[in-house]
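Participant: We have chain A; now place chains B and C onto it with these hints.
Residue numbers (our numbering), protein chains in the order written: chain A, 1 to 476; chain B, 477 to 965; chain C, 966 to 1390.
Please keep in mind that the hints were generated in silico from the structure rather than gathered at the bench.
Just so it is clear, the structure is predicted and the values come from calculations on it, not from any experiment.
Subject to a maximum C-alpha distance of 20 Å in a straight line, what follows is the list of computed EDC-like cross-link-like pairs (lysine to aspartate or glutamate):
(1) B/947 with B/936
(2) A/458 with B/623
(3) A/458 with C/1388
(4) A/204 with B/659
(5) C/1235 with A/115
(6) C/1112 with C/1333
(7) A/231 with C/1388
(8) A/204 with A/34
(9) A/206 with B/614
(10) A/458 with C/1228
(11) A/372 with A/298
(12) A/206 with B/660
(13) A/299 with B/622
(14) B/527 with A/230
(15) B/527 with C/1228
(16) A/206 with B/659
(17) A/231 with C/1228
(18) A/458 with B/622
Pair by pair, the computed Cβ-Cβ distance ranges are:
(19) B/818 with A/413: 40 to 46 Å
(20) C/1110 with A/413: 24 to 30 Å
(21) B/753 with C/1105: 32 to 38 Å
(22) B/719 with A/46: 56 to 62 Å
All C-beta atoms in this analysis are idealised placements derived from N, C-alpha and C, irrespective of residue type, glycine included.
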Amino acid sequence: MSLAIPNGLDNTVERPGERAPLVLGETTYHDITEAVCKVAERPPSKGWIGGFLVAFALLQMLGLLIVYLIYTGVGVWGNRAPIFWGWPIVNFVFWVGIGHAGTLISAILFLFRQEWRTSINRAAEAMTIFAVACAGTFPGIHVGRAWLAFWLAPYPSLNLWMWPQFRSPLLWDVFAVSTYGTVSLLFWYMGMVPDLATFRDRSKNKYRRMAYGILCLGWSGSSRHWMRYEKAYAILAALAAPLVLSVHTIVSFDFAVSQVPGWHTTIFPPYFVAGAIFSGFAMVLTLMVPARQMLNLEKLITIRHLENMCKIILATGSIVGLAYGTEFFIAWYGQVPAEQFAFLNRAFGPYAWAYWTMISCNVISPQIFWFKKARTTPWIIVVVSIFVNIGMWFERFVIVISSLSRDYLPSAWAYFSPTWVDWGMLIGSFGLFFTLFLLFCRTLPVINMAEVKATLAKQEHMAHLHGHGEEAGEGH
Amino acid sequence: MSETKIETTVHGMMAEFTTVDSLLSACRRVRDAGYTKTDAYTPFPVHGIDKALGIKPTVLPWICLIAGATGTCIALAMQIWMNSIDYKYIISGKPFLSLPAFIPVAFELTILLASFGAFFGMWALNGLPKFSNPMFTDPRFDRATDDRFFLYVDASDERYDAAGVRSLMADTGSDYINEVVEDDSPKEVPKPVFLIWGLSVAASLVPLICILTMRVTNSSQPRFHIFFDMDFSPAKDAQQVTSLFVDNRAMRSDVPGTVARGQMEESLDMLTGIDVEALTLTDPPRVERLVRAYMQADDQAKAEEQETLEKEAEATDEATEAAEAAPASVMDTTPWVEKNPLTVDADLLATGQQQFAIYCSVCHGMDGYGNGLVNQRAQSISAPTWVPPASMHQETLYADKYPDGKLFSTISNGIRKMPGYAGQIKLKDRWAIVAYVRALQKSQNASLDLVPDAKKAAVEKAVEEAKAELKRQAEEAEKAAAARQQAQQ
Amino acid sequence: MSEHAAPAVKPADDPAFQLPASLRSLQMPLLGGGLVALLIGMGLAFSVSDADMPRFGMSAYLTAFLYVLTIVLGCLFFVLIQHLVRAGWSVVVRRVAECIMIMTVPMAFLFLPILFSVFSEGALFIWTDPEYASKLHLDENMWETKKLFLNAPFFLLRALIYFGIWGALAVYYWRGSVNQDETGERAATDRMQYWSGPAVMAFSLSLSFAAFDWGMSLAPMWFSTMFGVYMFAGGILAAHCAITLMTYVLQRAGALKEEVTPEHYHDLGKYIFGFVVFWTYISFSQYMLIWYGNIPEETEWFFSRQEGGFGYLSIGLIFFHWLLPFFGTMSRHVRRRPGVMAFWAAYILVVHFIDIYWIVMPEARMVEHHTIPGFGGALGILASLLCVVGMTALVVGLVLRVAGGNRVVPVRDPRLRESIIFENI
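With the rest of the complex left out, here is chain A:
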């Protein structure tokens, strides 16, 4: 456990009545600018190049597999009667879930005035958008004739003479995911504009300066602009908060409005949302813990930031566990044979291995975060967050596959086995995700400099108000 605590200050301890600092060290505004801009300005490291090549190769594999799929037909997947949804929908729900943390950190934590969000929100938002891109891929190719996916849009067609079916939850998904992608993109971009202006003003190269100049729309930092900008940011946050809840709610409707045993249960909307936050934060931690070390951002992304995220993982993991339990109880209490069978089948049927993997990863493994030692040890955090990612993938697997494989018609029961194409696409989607993420690290500001500076200013102001004492500096 090598914890670099700059200044010897442990900011995970907070004395009541004082606020522990979120920016560590004798940091100035300029230090923040330097630390963040260096990430993109210095030449790429070997690690970055290696990582990018691997991710890019996987992305190419995904592309080739999609071509192979379209050319050959969906038979190349393991999807079969009655498990028509199969692997692609598992991946879709998994990626949409990952995509929740970013907007959540930006919007909901903003509304709750959790200032620790400022150091991590940019990367998390970027992650959201890349995860939504991965998520959107899967239903797009799952429709079978992927080149006709635009039929989902309500446009007056001269060939079809018909309109989409708005009473179907799958169409709600189209609207929810595309709205979510669009609003997340706007939110991310808008938050980035002042930082892009910083990039512009630091650029030595004429073309680089011009490119960032166009991207930042000529931002000057005028107070009038800041005032409207902050208002717009607050409004977007207030709009994005219910939006982020609605997206996974609507994804849960895909399942819950049907009558498939194990799917039709009213707890699904909040339970899916909690699960999405859970998996999203796990992914943020998986990426940020190594990234803060590699990019030398320990002063800005402190152990306290990690600890707070661990607490959220613990809370949402427990909510998810509570929902699993409630489902089981109500299946018994409701005394509907099909429901009872569905849940027993999950836990003790042919997919019991997946179910217990899910339980151990999602419910049991985060419980270690009750211990502060675990919440502040980076390698434990990474291990648990990877477990949670695996567990949340399995949660979707359990929901989709085990319910569909054994529904009301026993003669149609079947066991799902993924093909190599299924595996390849799952791995390839990680290639897409990491390619975009690594490009982002090299070209755009990975930390919201303006907001961190504002946090620093407030921190100094509060310290001044509280009569910044010597005791705040003592190590614990």
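Facilitator: Coordinates of chains B and C only, in the frame set by chain A:
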């Protein structure tokens, strides 16, 4: 702002500060000194500066509210128009206008449009994008996005006077005060940028143009099929062969042991003509076989049953010819249904008559005496293997000796040379024929007493006419036969 | 970064931290009047019970009980969550929430009539009727299994566990906070924060099952996994309203004049707005899933809420529990006006009663012949109102009594200063 091109147009005065607090106090000083056209430039939003500078609140929330409400209305109107008015389509038993189901999309569009309102409204109100700004001319201003804070007083302010502003700013403790001058850097965009821009626009137009060309032109080439077998389905027609199944038949028979929908509406009694309940007492295995054969589409069981019936029928045949003492055959021991299971009425008899005329009369004759056209022809050519059809009017075929069920079974499964007609004649029509045969039998033994009095005369007259006609026909036939004989000789 | 210097925290025995005399004098009238109203209401409610609505009397009592209990538990949750997230802004209003939270103890006594009703067959919960299964021709085996959960002794045990958990939490946090008034010990805040995580978990689990027991099992064959969350959503909304309203009343009476500012109303207003949306989200999701799935076992519950006058109540909830307060509390200008916020808080406390009434009362009808649910005429409505007004008055009287014996602000909380100088962005 005056655009008179002197050497440098002065836009205003700026002062640099290193801390938030010094900027804020400077702002208050400038505001209190009466300047209104002022602004501050900071690397992050500074709270309280709107008060310090006297900036008014923005109308942005109203723009969002209106945009959001527009989104709700558009979404609801769109869904109601598309699914409840223009293209009505029943899905999962929901009403055409299902408000709960329209809520999610309405919500999403509300958020989407309100977000657009906030995002684009903010840029519009801020007058951005605006790539050139006089402030940018000062190289020190680059730090306005890093760690420096700038206060700016515009030259168009009524109270503006360069020296006064400069001294006021110096008074607030600024280290660096400078005039903001017109941006005189070269305006033209470097040529490579145009080149790249032009090329990318051209490249992005290519696919669009291709698609548009394809939409408006005709081609002699066949369409490109991505999934050939989806566009041209390899479905088989009824009588075609296929390599998919061992028996090479594309048409599949029912799966043994299953009952198809719409089948099994009739009782086994009706399907076989056998009183199954009675048979259960004497021969349970046969009942089991009948169930498999007739109710579960077991072809093998059907073949076995058929074989038994045929063999026994032949045996009976021989037995009657050879000796009366032969052991009782299946045909005799089977408990046949005594009574036609269908309600016998005029309609049923009409059906029976029609079906009899089509299928039976060719051999058995319209009158049932066994002298149909086929028989006549066979007799005339003296076909050696011809077994003359039975007359319906022999006493052994009357209902008391030959029950309805047995007659039905004979029609269905055949007897001697007569093939089974189960394949050609529908179940109920076979029972209708049974009913008609009974009527036919009765007609040959009916007495005139059965005819109502009112119609007696007509019947008698008709009988006379018929007899005369028969006589005439017989004479003609004789004459014709004589003529043929003469001709042959 | 405010221009003005932050005001100093007043000394602990400042009159601004005491319950004003005008409110102190209201205690006895409220306690006495509340008890009388509750008793008259119960008497009327039992007189309305007839063959069509055999369980009307106890249902009216349960409605009043659940109404007050959800608010009390909402306040308990409010206090727990403030400790969990180390909130600073809310310290000035936390004692108000704590005074309501500690009412879990008297609520346990007010639960006794309900407990007795479980042992008298079919008085409130129809599953206590031994004839129930045979009257509705339910499958015997299924009903036997279900009775493993729905039986009076186990019900009693569970109620003891729930009140044990809530009582322990409420007393622990109450003591911790009140003792800190005297000792000013910083570690007390740390201790309370330390236990808040497990406390929230125990609370959520017990609340969810209590909702199943006391709300969902009124219709024994109906089930919804969301039901606990639904009850929670209504309760936490009403709790924020109760805190807002009571703080406003305290200020009007002269306490906390300088400590509670429009900033705090602004924040409470945001939460009220947020929980209005949350309640709508939960109730819409529950309705939507059951409506879309269209499975008779589930739709039955909503069906009986669309018959009689309850159809109007269902529609009314959409308009008055969502649309009106949604637009009413949307604006920042509204949230920053204490008087207007207090009005909306009072308004939502009224519609919260309609929500609870809508959950409980339709099940008072005769089930075997599927009688249409009803309100029991003018007398029945009057009885229901008297019950809830009586019980609320009783509990408010107790709250004032508790508040009168202590300070109305945690005067030595280390975050009190942060709360006083708090400003919204």
